[in-house]
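Visitor: Following the hints, put chain B in place on chain A, whose structure we already have.
Number of protein chains: 2
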Amino acid sequence: MTKDIKIAIIGVGGVGKAFISQLASYIQRNQSTLSISVVYIARSSTALISKDYSPLPLTAFVPEKLDAAGVPPLSVPDLIKFLKDCGSEAILIDNTSSIELASQYPEFLKSGIHIATPNKKGFSSEESLWNDIFAAAGNSGGSGGYVFHESTVGAGLPVISTIKDLIDTGDEVTKIEGVFSGTLSYLFNQFAPAGGNEAPRAFSEVVKVAKDAGYTEPDPRDDLNGMDVARKLTILARLSGLSIASPTSFPVQSLIPKPLESASSAQEFMTNLPNYDADMGQLAEEAKKEGKVIRFVGSLDVASKSLKVGLEKLDASHPIAALKGSDNIVAFYTKRYGDRALVVQGAGAGGDLTAMGVLADVIKIIARIK
Amino acid sequence: MTKDIKIAIIGVGGVGKAFISQLASYIQRNQSTLSISVVYIARSSTALISKDYSPLPLTAFVPEKLDAAGVPPLSVPDLIKFLKDCGSEAILIDNTSSIELASQYPEFLKSGIHIATPNKKGFSSEESLWNDIFAAAGNSGGSGGYVFHESTVGAGLPVISTIKDLIDTGDEVTKIEGVFSGTLSYLFNQFAPAGGNEAPRAFSEVVKVAKDAGYTEPDPRDDLNGMDVARKLTILARLSGLSIASPTSFPVQSLIPKPLESASSAQEFMTNLPNYDADMGQLAEEAKKEGKVIRFVGSLDVASKSLKVGLEKLDASHPIAALKGSDNIVAFYTKRYGDRALVVQGAGAGGDLTAMGVLADVIKIIARIK
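Chains as they are written, first to last, in the UniProt record's numbering: chain A, 1 to 370; chain B, 1 to 370.
Excised from the complex, chain A in its bound form:
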C-alpha cells in the first residue's frame, strides 16, 4: 500500500535548493511505501511543469535547469487547477518570501492542497490573512488542506511544534522571550561578547565582516530594521492566543541610523555606517560598566498583551548573553512550566536547517494523509 503524493515547489534559492536535495534523498529512502512525484518547480520567471504528472528528475537539480528548459510559471489559479486535477493528494512547498503567493494560501487550502513553508509572510502579515488560512486549514478545524510552517521561526528548531503541543494539550503561554535572528545573534555575540575583554570592535566593522561572509541579507538593513524578528514574534504571539493586527502594530526598534534609512543602496549604507559607530559603542560600554551585554531581543507577555523587539541590556550570566555563533534561543514560560522556562536553542538559520524544518513538515502532512 503506497501513498501517492504530488508536490509543487516554488522558490529555488538557498532554502529551495537544499530542500530539493533533501527531498530527493527522502523519496529514495521511502520508495517502498511512498510514491512522491515533484510535478512543478518554479521561480519568479520560469518553471518546470510535468503536464502528465510524471516525476521531474531531482537528482543533481540546479536552478539553471529552469532557465534552460523552463516555461513561464503558472498563474496561481492555474497552479491550483493543475494540482487539484492530479488525481492524488498534493502539497505546495512555498520556499519564497513572497506575500503575493502567501496571500493565496487560503485558496490552495480550500482546494484541498496542503502547504509546507518557511515563508513568514502568510502568518505575520495582516491578521485577516492569518484568520483566513486557519479557517480553511484541515489541521485547525477547517475542511481544507493541512498547513505547516515550522521553519518560519528558528528554521528547523522545534519552536512552532512545541508551542502547538503546549496549547493543544491545554497549557497556557504566559511569556516568551528570545533571540530570533541568527544574523543579529551573530552580530552582537561578536560585537559585545559576554565576558569579553578584547578591545571593542566597531559595530560597522562587525556588520561588514558578516555581510562579506554572507551572514546578512544582501542589504544588511533588511536584518537591522528588526522586521524579521517582529514577524517571528507576531507568529508566536498569535499561536499564544493574542490578537496581533500586524508586525508593525507594536514597538520594533530599528538599528538603522535614521539618516541611512533612505540610503539608495546597500553600498551607500555600508559606506556611511561607520559614522554611527560611536552611538552603538556607547551603548555597549554603558552595559559593560553594569556587568551586562547588549542583545537584540524579542519578547511577549500574554497577560499585558505586550510585544517588544529591540536592544536590551542583560546580565552576563543570562542565558541569552551566553549565546554563541548565530544561535537562536527561545524561552517559553507557561502555566504548567511555571517559573522555569522550556528552552529551545541552536542554529536558527541556513539553507539546510531551514529546508530540514520544511521537510519535517512535509513528513507530518504525509503521515496525516489518508
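Hint data in this document are derived by calculation from the structure and do not stem from the laboratory.
Hints are not guaranteed to be accurate.
[Unchecked claim] List time: in silico DSBU-like cross-link candidates among lysine-lysine, alpha-carbon distance up to 30 Å:
| hint | chain 1 | residue 1 | chain 2 | residue 2 |
| --- | --- | --- | --- | --- |
| 1 | A | Lys324 | B | Lys3 |
| 2 | B | Lys175 | A | Lys17 |
| 3 | A | Lys324 | A | Lys208 |
[To be verified] Listed next, with one range per pair, are the computed distances between beta-carbon atoms:
| hint | chain 1 | residue 1 | chain 2 | residue 2 | range |
| --- | --- | --- | --- | --- | --- |
| 4 | A | Ile99 | B | Ser54 | 49 to 57 Å |
| 5 | A | Ser140 | B | Glu268 | 50 to 58 Å |
| 6 | B | Ser98 | A | Ser88 | 38 to 46 Å |
| 7 | A | Asp85 | B | Ala367 | 25 to 33 Å |
| 8 | B | Gly14 | A | Asp219 | 34 to 42 Å |
| 9 | A | Ser140 | B | Ile99 | 37 to 45 Å |
| 10 | A | Asp212 | B | Leu34 | 28 to 36 Å |
| 11 | A | Gly87 | B | Arg29 | 34 to 42 Å |
| 12 | B | Arg29 | A | Glu126 | 24 to 32 Å |
| 13 | A | Gly241 | B | Glu64 | 31 to 39 Å |
| 14 | B | Glu285 | A | Thr248 | 34 to 42 Å |
It should be emphasised that the depicted structure is a prediction, and the values quoted were computed from it without experimental measurement.
Even for Gly, the Cβ is constructed at its ideal location relative to N, Cα and C.
Guide: For chain B alone, coordinates are given in the frame of chain A:
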C-alpha cells in the same frame, strides 16, 4: 464529520491522574469534531469497564472510584479483544512502569490498537522487544497501530519528537549529552551549585530533603542507581541508530555506596547514607579546586558506539553546570547542526508535565487516524 475514538487507560498514579484530568478538558474543548470515549480505566488490582463502550465519566475522577465500583482488570488478551471489538479506532494509554504490560505492546499494535505511553520499559529493555514493537507499529513501516512515547525522556519536553524529525529528514546524530533525571539534577544543583560559595552540605542531607519533599522515588536508591538515566539514554541511542542490547550493556555508575545496595529498606538506606558523605564531599571539593562542578550526566557517541552514565566534572561555565532546579537538558549534536548543539532544556519530571507529553502523543495519533 466527527472521529470516533475509544481509549483505555492503565495506571492511575501521579501521571495517570493528571492525564485523565487533561484528557477530560481536551475532550470538552474538541467535542464538535471528536467523539472520544474512555471505556476502560485500570490499576493493578481493579478496573472500571464500560462494556457497552459508552464513555466513563472523567470529571473529578479519583482512583478511589476504582476500588468502590471496580472489578478485576481484564487480562491482556481480553483487553485486546475488548478494544478490537469496539467498532472504532482504539488507543491504549499505559501510564504504568510495568515491563509485563510493555512486553505485550507488539500484540496490541498488531491488533491495530494505538499506544501512547511514558513507560520507558518497552523501549529500553531487551532489544528484541524494541524490534518487535517497531516492526508492528504503523508509524515505522508496519501495518499495525501507531506508537508514541514522547514522555519516556524529559517528560513533555520535545526530545523524542526532535530526534525523530532529525533522523526522518536525513540528518545523522553524532553525539548526545545531557542531564536526564530531574531528581539527580536537583540533587547536584543543590549539593554543588555552580558558583556557590556556601559551606558544602552533606550529600545525605540533600537526599533527605529531596526525599521528604517527594522529589525522589519512595526508595531513593531507585534514582541513585542511575538506571532511569540508563534507560533514557538507551532509547535515545536506539533512535540514533545504535544497536543497544539492554540498559545494562554499557557503563552505568551507581551512586549507591556498595554496602548499602543490600540495605533491606529505604529507611535503613537513609539511616546509613551519612556514613558515606565524606566520599561524595571529596569529589565535589576536588572538582571545585579545578573550577568545576560534578553533575550526573548521560552521553552517547555514535561513531564510537559508546554510551556512558555517571558523574562528570564540568566547567562552571558549561551549560549543564548552569542548570537550575530539577531541569533536564539534552544537547543533540548532528551532522547538519555541526559543532553547535540543538539544545532542549526545562523541567523533565512531574505528573502534569509527563501527562502533557502523553496527551500530545494522543493528539498526534488522532491526527493520523482516518
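Visitor: Give a verdict on every hint.
Guide: Status of the hints after comparison with the structure:
1. This hinted pair does not check out: Lys324 of chain A and Lys3 of chain B have alpha carbons roughly 47 Å apart, beyond 30 Å.
2. This hinted pair checks out: Lys175 of chain B and Lys17 of chain A have alpha carbons roughly 27 Å apart, not beyond 30 Å.
3. Taking the CA atoms of Lys324 of chain A and Lys208 of chain A, the gap is near 19 Å; set against the 30 Å cutoff, the hint holds.
4. Range check, Ile99 of chain A to Ser54 of chain B: Cβ separation about 51 Å, and the 49 to 57 Å hint holds.
5. Between Ser140 of chain A and Glu268 of chain B the beta carbons are some 56 Å apart, a value that agrees with the proposed interval 50 to 58 Å.
6. Between Ser98 of chain B and Ser88 of chain A, the C-beta spacing of about 43 Å keeps the proposed range 38 to 46 Å intact.
7. The beta-carbon spacing between Asp85 of chain A and Ala367 of chain B, approximately 27 Å, falls within the hinted interval of 25 to 33 Å.
8. Distance hint for Gly14 of chain B and Asp219 of chain A: a CB-CB separation of about 55 Å, inconsistent with the stated range 34 to 42 Å.
9. Here the CB-CB span from Ser140 of chain A to Ile99 of chain B is close to 39 Å, well matched to the stated 37 to 45 Å.
10. Under the hint 28 to 36 Å, the C-beta atoms of Asp212 of chain A and Leu34 of chain B, about 54 Å apart, miss the expected range.
11. For the pair Gly87 of chain A and Arg29 of chain B, the beta carbons lie near 36 Å from each other, so the given range of 34 to 42 Å is met.
12. Between Arg29 of chain B and Glu126 of chain A, the C-beta spacing of about 27 Å keeps the proposed range 24 to 32 Å intact.
13. Between Gly241 of chain A and Glu64 of chain B the Cβ separation comes to about 36 Å, which falls inside the hinted range of 31 to 39 Å.
14. Glu285 of chain B and Thr248 of chain A have their C-beta atoms about 57 Å apart, which leaves the hinted 34 to 42 Å range violated.
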